[in-house]
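Listed here are the chains, written in short residue letters.
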Amino acid sequence: MSVLSFDTGATIPAGGVGVGFKPEHAPEVFGTDHGLGFFEVHAENYMGDGGPPHRMLAELRALAPLSLHGVALSIGGAAPLDREHLARLKRLIDRYEPALFSEHLAWSTHEGVFLNDLLPVPYTAETLARVCDHIDEVQETLGRTMLLENPSTYVDFESSTMSEVDFLRAVVKRAGCGLLLDVNNVYVSAVNHGTEPMAYLDDFPMEHVGEIHLGGHFEDRDDLDAPLLIDAHGTPVAETVWHLYARTLARIGAIPTLIEWDNDVPSFPVLVAEAARARGLMAAEIKRRGR
Amino acid sequence: MPGLADIQDDFANALLSTTTPVPSCLKGAAIRRADRRFAVYRNNVAAGLIDAVAARFPVVKRLVGDEFFNAMAHAYVLREPPFSPLLIHYGETFPAFIEEFEAARPLPYLSDVARLELARGRAYHAADAEPLSRPAFAELPKGRIGEYCVTLHPSAEIVTSTYPVLSIWEVNQAGAARPVEHWGAESVLVARPLFEVETRRLPAGTDMFLLALQSGSTIAEAVEAASAASADFSPSDGLAVLIGAQLAIGLSDTN
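Quick mapping for you: the protein sequence lines, in order, are chains A and B. Just so you know, we're using my numbering here: the first sequence kicks off at -7 and counts up by one. Just so you know, we're using my numbering here: the second sequence kicks off at 867 and counts up by one.
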């Protein structure tokens, strides 16, 4: 599979900006003119048999294109994928036909125990082979292309033999998936590992990016009192990250962009204002290109 | 160099223990430069799972307070972490854990409140099904209603307790907690026939009546079972709950 097929269900316009859907925002999402181009939901929250979550998701799907974001496939796990979970994902995708489906370059399950976090992998030939096998299986089962998201990480492995960007480039080439570029994750990881976020973005294979994520982080300190950024999705997008986003747009042009805010969820207008800022930056880039 | 499986073994073991050292596969581990960094993952795992438990048991949390709840839930997630990525279903063994949790002994009703919250959560996510309309019962042939079996809504569950479990739950909703007026055993029906999860206190014997229907008895057999279990059972109470709570999704004639 080498062709990106994002056209199952409604498509998201290239300049579309979305937010993560939170049930507490339902009255404003369904009852106000907010101009949002799509909504993203975490797949695992909609895997019950029925009830209000499915009723709300069906209404949401009727309102705007959906982006389905999985947080538990454990694509970077050494163990085989959970087939039962993959089958649940397939049922959800068949039912709601999201415009995008994405997952993470991370692992979250070990010996059957679900650890509920996006854990880091060493960038080695062995990990690459495992991740590509898993993505093949996902794309084969779902009958569509997925986007793989770059992680935010707090530790490095002694055994890594390639950079994260080289690793992702190799995954795209071998597995034929697309990429979800989380600009906040780029910044968080770069600060945590003392690398240069601009260089990361300049090297990133932008032609394979199908969606961008923007979110907030908070700053802590490590054992040596060096800054340690935590990808917490509980605050506004940082100024530095907006700057990196503009830099990304300059390379890529307009691309569906999502504001992620999962903890200490703000009022809906705050989210909409963040989305408007992303839309403004995209409009400016389109204008710049038109000159 | 260790392989991916070995690295993940070390990583996972250190995550679920508060005493295991940081995995040696991490850069800087030997000179303890990775401690705080690894702690981010350890905290994320514990806090994320504790949050998942808290989301299913808001009233238990309110009854014991944040600090107590977090300590109890932390002990639970380390001892019984989830074996499924569906956290909406995590916590099924929490009531049993509470019963064994030494510090919770002064609140003997706590595990039953947790059982009620579990039933509410299951009802919320249960499969959808259209309840029968009231006329469906009125149209049954006169005098033959006892021969019918009733299919109950998939969300319907009964929670029985020697404590006033629903009253405790009710007085601990948003706003200031009130004292429970009548302290005694309660049987509770939990169901979500349409959109909202509903809870109601059941009159004497009605719990047995509904459980008998749920296990496939005819209405006549269910009345008999309920009357045997409780001298105060009134068949009209039982039918009033069955119809009023919109519990029936199907009727079948056994003859």
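Be careful, since some hints might not be right.
Stated by the list, open to error - One side only, chain B facing chain A, incomplete, derived with CB under 10 Å:
(1) 871
(2) 893
(3) 907
(4) 1036
Simulated from the structure, these hints should not be mistaken for lab results. Where a beta carbon is used, it is the ideal one built from N, C-alpha and C, also for glycine.
Status of each hint after checking the structure:
1. 871: The hint holds - residue 871 of chain B has a Cβ within 10 Å of chain A, the shortest such distance being about 4 Å.
2. 893: 4 Å, holds
3. 907: 6 Å, holds
4. 1036: 21 Å, violated
In terms of the numbered hints stated before, the structure departs from hint 4 and from no other.
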